[in-house]
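Since chain H is already given, all that's left is putting chain F on it; use the hints.
Listed in order, the protein sequences are those of chains H and F. When the first sequence is numbered by my numbering, its final residue is 160 and no position is left out of the sequence of numbers. When the second sequence is numbered by my numbering, its final residue is 442 and no position is left out of the sequence of numbers.
Relax, there's no trap hidden among the hints.
Pulled a few chain F residues facing chain H out of the computed Cβ check, cut under 7 Å:
no., residue
1, 329
2, 388
3, 403
Just so you know, these hints were derived from the structure itself, not from any lab. Here the structure is a predicted model, which is why all the values come from computation and not from measurement. Note that the Cβ used here is the ideal one computed from N, Cα and C, for glycine as well.
Listed below, chain by chain, are the residues.
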Amino acid sequence: MNDIIVGISDLKVSNNPVDALVTYALGSCIGVAVFDPQARVGGLLHFMLPDSLLDADKAKATPAMFADTGIIALFKACYAYGAEKKRMVVKVAGGANILDDTNYFRIGQKNIMAMRKMFWRNNVLIDSEDTGGNFNRTIRLELSSGRCILKSSNGTVRNL
Amino acid sequence: MIIDSILKSVDLIPAFPAAAQRVSELLSDPDYAVADVVNVIKNDQAIAANILKISNSAYFGSRQKIKTIQDAVVYLGQKQLTRVVQTASISKIYQKGGKGYASQARDFWEHAVAVALMSQILSRMIKDREDPVLYTAALLHDVGKVIMGEYVWEYFQKIIGRVNERKCSFLDAEEEFIGINHANLGGRIADHWNFPQEIRDAIAYHHRPDMLEEEGNAYASLVYLSDQACLMMGLTGGVDALAYTGLEDIMRHFDLRMADLEKSFITLLDDLGKAHDVLRIG
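The shape of chain F in the complex, shown without the other chains:
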């Protein structure tokens, strides 16, 4: 069975970078010591290098020029630092690429970043604040594709044939031919990494937040809307394109109209311009 070999691949996927986990833990205590955070980051050279590449990006908005990890920890502040560390770590995971979906690993990363930036735009619009947990969930939403890509590659003609002939979603076609869809598979990877339930659910249900109980689906719904908006804007590069279901109840739930979505497109284009350095580490 394909599904057995897929689930085995989940067990073999490398651990989520320990430095990122540890930094998140440290930063969750408002009284964190700068030296502790700096030491943890310095232990992972790849993440440290990425942090230096993106810390001066206009998107993260530091007024001081950041030249060292020490500068980054001091000047970025808890919320931005959490996002910078997550971005620097998760880009390593996406580097394997999304063969089967996107022709280049870079397109795959750009989509993940675009959805993460959009999640913060919608969060500001709806909740009047940004949300680092939502940011992490949004950045990781397509992590299932890292494993799934191999199989989508193999079954591509069948899947796309079904999508074209029956107008079913790419998600349903994945399930029909492979036995699991990329969102649920991503949820299993998040489980494997011991992520909290809200992040796991947001990944596993990012195309079908309507299948979650209402109280648990705020993150999933926002990741869903962010993803749909990016797919519409063409920020995908993937073969699945726009072949996903529109759920008007989610829009109604947040009291959003199409004009709000249109405005969020404009803001995202501006934010992507400011996040140029972030796109380049993928």
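The following block holds chain H by itself, in its conformation from the complex:
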């Protein structure tokens, strides 16, 4: 299998069955994995912040940095490979927070809210979600099967 690494504020799309899209160490950031089982197209986004209003120039140059611009860019990139919205399976993980979280540090929580709002507004259902907590997560999306493996730093490994 050929691993394609998705960095922070990055997204990758593929329809090659030998590929796996992988993103490491999601803390407060969120990974969004999508797969169209019919077109066999998959995409993985690793966004860092909730709202592109924070920095419009950055959002233009690096849309994958923010929940709002990143999710749109992810779906558009998949459509370009022949994926269709109604068939796409959506899985999300990340959005962890540090302990005793106050309003000063809740970026993970804000990311979760922004991500859910985007999907709700666009009539997309989230098929599987593993968010919150205070541990890191790694996501691996296999293009051959659409299987999405979630590994957490607290020791668990499972299918997302």
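Just chain F now, with coordinates in the frame of chain H:
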């Protein structure tokens, strides 16, 4: 007792590279002679090699191409040179890795560099200037893990069990099962190296700057915030992840809002891109 064998390990830890100490001393005199600095650096080949690897990194921003130690000393200037020498020296210390915390020594080094770069971003935001002492403290903040890792490895199931079940911090769980936490242990290592108190305290209290008297905690607080920001960004690779306490008073003290923290994430991502060569020497 575990604690006794840990404290013995502190006495056995190799001395901080003498060349780095000596260069810092020389550079603290604004009238330093280039030839003196060059000679000291050339005496430590490993540090000299690292300096050449990172001097041309976009992060340190030299306009001239640096090919020799002489070039580095002439073109980088006092502030950047201090940081380059500290980075080149401290990477050697982290090379032992953080077994027990991170699966690879490289992740451990990347975290240290990310926190050091973030400390300068916050320093610019709050004090309008960069700060080489803060940079050194930030780069060394997790040095305790070099010794602690062996023990965390041994007690990992107990520690992570406690963190999961009671939502206590990783720091508290270390103290409960090992008898000391990695921050305090790092402070003892800094003591062993005769570092100034401000650096020692910044390391020893980087998770709990609120436990220091107010006048002494500016460095500790900035290292704390830099560390928390990097943990949130996932720039850790460690098993302890985000299991540390959020202290809102520290944010309030510097008059920082969450949006400021979010902006600092963006700047750090840019700086890490420019510091590619620095990440590679780890």
